[in-house]
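Build out the structure end to end from the sequences listed, making use of the hints.
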Amino acid sequence: TTHDHWYHYKNPDLLAANPLGMVPTLVQGSRVCTESLACIDFVDAMGEGTSLIPADPWEAARCRVWSEKVAKDLCSPYYKILVNQDADVQAQAFEGLKASIVRFGEEVEKTEGDLFAGEGLCNVDLSLFPWAWRYYVFEHYRGPNFAVTPQSLSAKEYTPFFRWLDAMLDLDAVVKTLPDKDRYLEHIGKYADGSARSKVAEAVRRGVEAHEYDDVKDLKE
1016 TTHDHWYHYK NPDLLAANPL GMVPTLVQGS RVCTESLACI DFVDAMGEGT
1066 SLIPADPWEA ARCRVWSEKV AKDLCSPYYK ILVNQDADVQ AQAFEGLKAS
1116 IVRFGEEVEK TEGDLFAGEG LCNVDLSLFP WAWRYYVFEH YRGPNFAVTP
1166 QSLSAKEYTP FFRWLDAMLD LDAVVKTLPD KDRYLEHIGK YADGSARSKV
1216 AEAVRRGVEA HEYDDVKDLK E
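FYI, in our numbering the residues of the sequence shown are 1016 to 1236.
Certain hints may be false.
Straight-line Cα separation of at most 20 Å, EDC-like style, residue types lysine to aspartate or glutamate; simulated pairs [to be verified]: (1) Lys1084 with Asp1056; (2) Lys1025 with Asp1233; (3) Lys1087 with Glu1122; (4) Lys1196 with Asp1181; (5) Lys1171 with Glu1122; (6) Lys1084 with Glu1121; (7) Lys1084 with Glu1074; (8) Lys1125 with Glu1074; (9) Lys1025 with Glu1050.
Computed beta-carbon distance windows for the label pairs [claimed, not checked]: (10) Leu1193 with Gly1064: 18 to 24 Å; (11) Ser1051 with Leu1200: 20 to 26 Å; (12) Ser1051 with Gln1100: 23 to 29 Å; (13) Leu1186 with Lys1125: 16 to 22 Å; (14) Lys1232 with Ser1066: 34 to 40 Å; (15) Glu1121 with Leu1184: 17 to 23 Å; (16) Asp1187 with Arg1212: 34 to 40 Å; (17) Ser1066 with Thr1192: 18 to 24 Å; (18) Gln1043 with Thr1174: 38 to 44 Å; (19) Ser1169 with Cys1054: 34 to 40 Å.
I should point out that these hints are in silico values taken from the structure, not numbers from a laboratory. Quick reminder that beta carbons are idealized off the backbone N, C-alpha and C, glycines included.
Given below as structure tokens:
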């Protein structure tokens, strides 16, 4: 590969807190919190103001189920579409992603407002958005048949998803976190040509889903 892999460097402080070297890793004194969904819940519990977890127990349970579901069905396929170099596998993964987009939209429609739990942000919104925003890379690296836009997915069953995405992009706090699109395209090229050395990339090359990565089998020295 022509890519440099300096990005695979793990800071000693990170490894001291989390020997697996995965991010996010939150440290408070001698205690450590890892894994994205757990970190969202931790930060929410430590913060002040409106919670990311709905007060209603049933709605809270629904959000917890769906935060896990979007990680598997709407985030994990991102890596299969990019890392796997087999065109048939890419196409199959994309079809599965589109079906999951429809199911997510149907679930959003169950509440009033354009966000998952209504008008306010919840843990499901934060679980999905970083990946949903990055879906634009598919068209760049895999061609127009992989575009995720209101124009390419114009059937009405996709409308709730794009309405949700627009609602997220209307939030200043969300927009401020976004990376430069061109710089991100350059970075993610390591995944698009199959040369990335992360654990999720190794898992996809091994033939399993990205979220099924194994800390031992997919550890790249």
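Just pull the numbers of the violated hints for me, sorted ascending.
-> Of the numbered hints given earlier, the structure breaks none, since each of them holds.
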